[in-house]
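Residue numbers (my numbering), protein chains in the order written: chain A, 46 to 238; chain B, 1128 to 1385.
Warning: the hint list may mix true and false statements.
[Unchecked claim] Simulated DEER-style distance windows between Cβ atoms:
1) A:A184 <-> B:D1206: 27 to 33 Å
2) B:A1190 <-> A:R109: 34 to 40 Å
3) A:D48 <-> B:A1173: 52 to 58 Å
4) A:E54 <-> B:V1159: 39 to 45 Å
5) B:A1365 <-> A:R132: 36 to 42 Å
6) B:A1165 <-> A:E201: 47 to 53 Å
7) B:S1170 <-> A:G197: 42 to 48 Å
8) B:A1230 <-> A:E54: 46 to 52 Å
9) A:R208 <-> B:V1376: 50 to 56 Å
10) A:A65 <-> B:V1376: 31 to 37 Å
11) A:K111 <-> B:R1245: 38 to 44 Å
[To be verified] Which bits of chain B does chain A cover? Going by a derived footprint, with three or more residues having C-beta under 8 Å, they are:
12) 1144 to 1151
13) 1193 to 1206
14) 1362 to 1373
[Said to hold, decoys possible] Pulled from the structure, derived: some chain A residues nowhere near chain B, Cβ distances all over 12 Å:
15) S51
16) V71
17) G113
18) A166
19) K215
20) E228
Source of the hints: derived by calculation from the structure; they are not laboratory data. All residues carry an ideal CB built from backbone N, CA and C; glycine is no exception.
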Amino acid sequence: MPDPDSEPEVLRRARDGDLAAFNRLVDLHQRAVYNLCLRMLGSGAAAEDAAQDAFFSAYRNIHRFKGGTFRPWLMRIASNACIDELRRRGRRPTVSLQKTAPGSDDPIDVADTAAGPETEALQREQHDTVQAALLRLPADQRMAVVLCDLQGFAYEEIAEAMRTSVGTVKSRIARGREKLRRELGPKEQPGSV
Amino acid sequence: MVIRVNKLLRFFGHAPDVNALSAQLDGQLDAVAASRLAAHLASCEACRAALAGLRETRDALRAMPELEAPRSFRLRAADVEPRTAPAPSHPSPTLRWAPAVSAIAAAVFVVALGVDLRSGGSSSSTSRSPLAVPQSGSAKSNESAGAMSGSPATDQTAPGSIEPGAPAAARPQAPEPAGAAQATLSAQPVQPSSTPAPAARPIPSPTSELRAAAGRGGSSEGGNNPSALRVLEIIAGAIAVAGGAAAIVVRRRRGVGP
């Protein structure tokens, strides 16, 4: 007898229209979805909206889920919600280069990303700098880097979430990391990370 | 993803192969490629520096905190349509018949419009006929008024050269530009709408021509039919549009759900 709390069983019930079962899936994945949206959009409010849109969309389309791993499928929907938001804005979210210049004391406008657990001031500054650099990446590279390095997805999962090949994923991750390295490099202090 | 060794080595020059280095960080190189890369790194300062930079970048990314969701994203039943519910309630009978009514009204509209255009086209063609004939009097009057100068018709015909009783075929068939026709039309507010005058038919006066047209057995050129057609077109068009909108509403309501 299948475990009623196992994800496949919950998924089956959710596909049958069981809203309570779907909300179990929401509980399981909402943190990852929210953080993906947060890193992609750089704003807590926009991330909330995109995450909620993603779950609505997932609920409406879960009957199309043909099995396999649910997480990449859900992340694909979340990434689509982020891309929709970016398109709605008409531009990539950008932050002032001056604000992120090494030595600048001005906090970047991603205060929401620094909310949460108490951190040291230096760590917060580093996180803000990394987040600002992430937002300057092209959306496809940003998505690949976030899924790989922040969400811990395997290349194959990223390829599934982004509907592309593993080779393309590898290239996007490499180019994204390289751009980040160039942006973060001058400010990086040895042993600071 | 496995990086081919030869491809890896081909790119290894002075510029580090970022793809290979990044893949190495994620353990995506096979054993052979990884060992060759290690050998290369032992002798290439640039690639070692690039790899170290990529590693630091990756570690900085990994150090980013994963925040708690600020609120629950659970869906409420009130916010979602029941996906497995049967089709939504049937539309009212009026809305149910909206597509058919709209289609019929559209057909009536098209027919009425066609009849209207046809009658309008025939009347325009008949009204054009007299203009194709050099109207020396009118052309001359235009010329004298400065509306059309140098018209070939005015060059070839003299005022009063066409007698009222002359056959149409006997009239000079000099081409007349459309502009001249327009000018003639504007110079003569009421143009005879008859076909080319038959032989021995006197050029009718506008009043007599209209009278004759009105008396032609209730043809489409009758005075009341165009306006009736217009009314019919307007009504049918309005019904078609309203019915179409209602049909769209019905379809959208049906479309909600899975």
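Hint by hint, here is what the structure shows:
no. : hint                           : verdict
1   : A:A184 <-> B:D1206: 27 to 33 Å : holds, 28 Å
2   : B:A1190 <-> A:R109: 34 to 40 Å : holds, 37 Å
3   : A:D48 <-> B:A1173: 52 to 58 Å  : holds, 53 Å
4   : A:E54 <-> B:V1159: 39 to 45 Å  : holds, 43 Å
5   : B:A1365 <-> A:R132: 36 to 42 Å : holds, 38 Å
6   : B:A1165 <-> A:E201: 47 to 53 Å : violated, 25 Å
7   : B:S1170 <-> A:G197: 42 to 48 Å : violated, 33 Å
8   : B:A1230 <-> A:E54: 46 to 52 Å  : holds, 49 Å
9   : A:R208 <-> B:V1376: 50 to 56 Å : violated, 35 Å
10  : A:A65 <-> B:V1376: 31 to 37 Å  : holds, 32 Å
11  : A:K111 <-> B:R1245: 38 to 44 Å : violated, 57 Å
12  : 1144 to 1151                   : holds (count 5)
13  : 1193 to 1206                   : holds (count 12)
14  : 1362 to 1373                   : violated (count 0)
15  : S51                            : holds, 20 Å
16  : V71                            : violated, 5 Å
17  : G113                           : holds, 20 Å
18  : A166                           : holds, 14 Å
19  : K215                           : violated, 5 Å
20  : E228                           : violated, 9 Å
The structure fails hints 6, 7, 9, 11, 14, 16, 19 and 20 (numbered hints given earlier, in ascending order).
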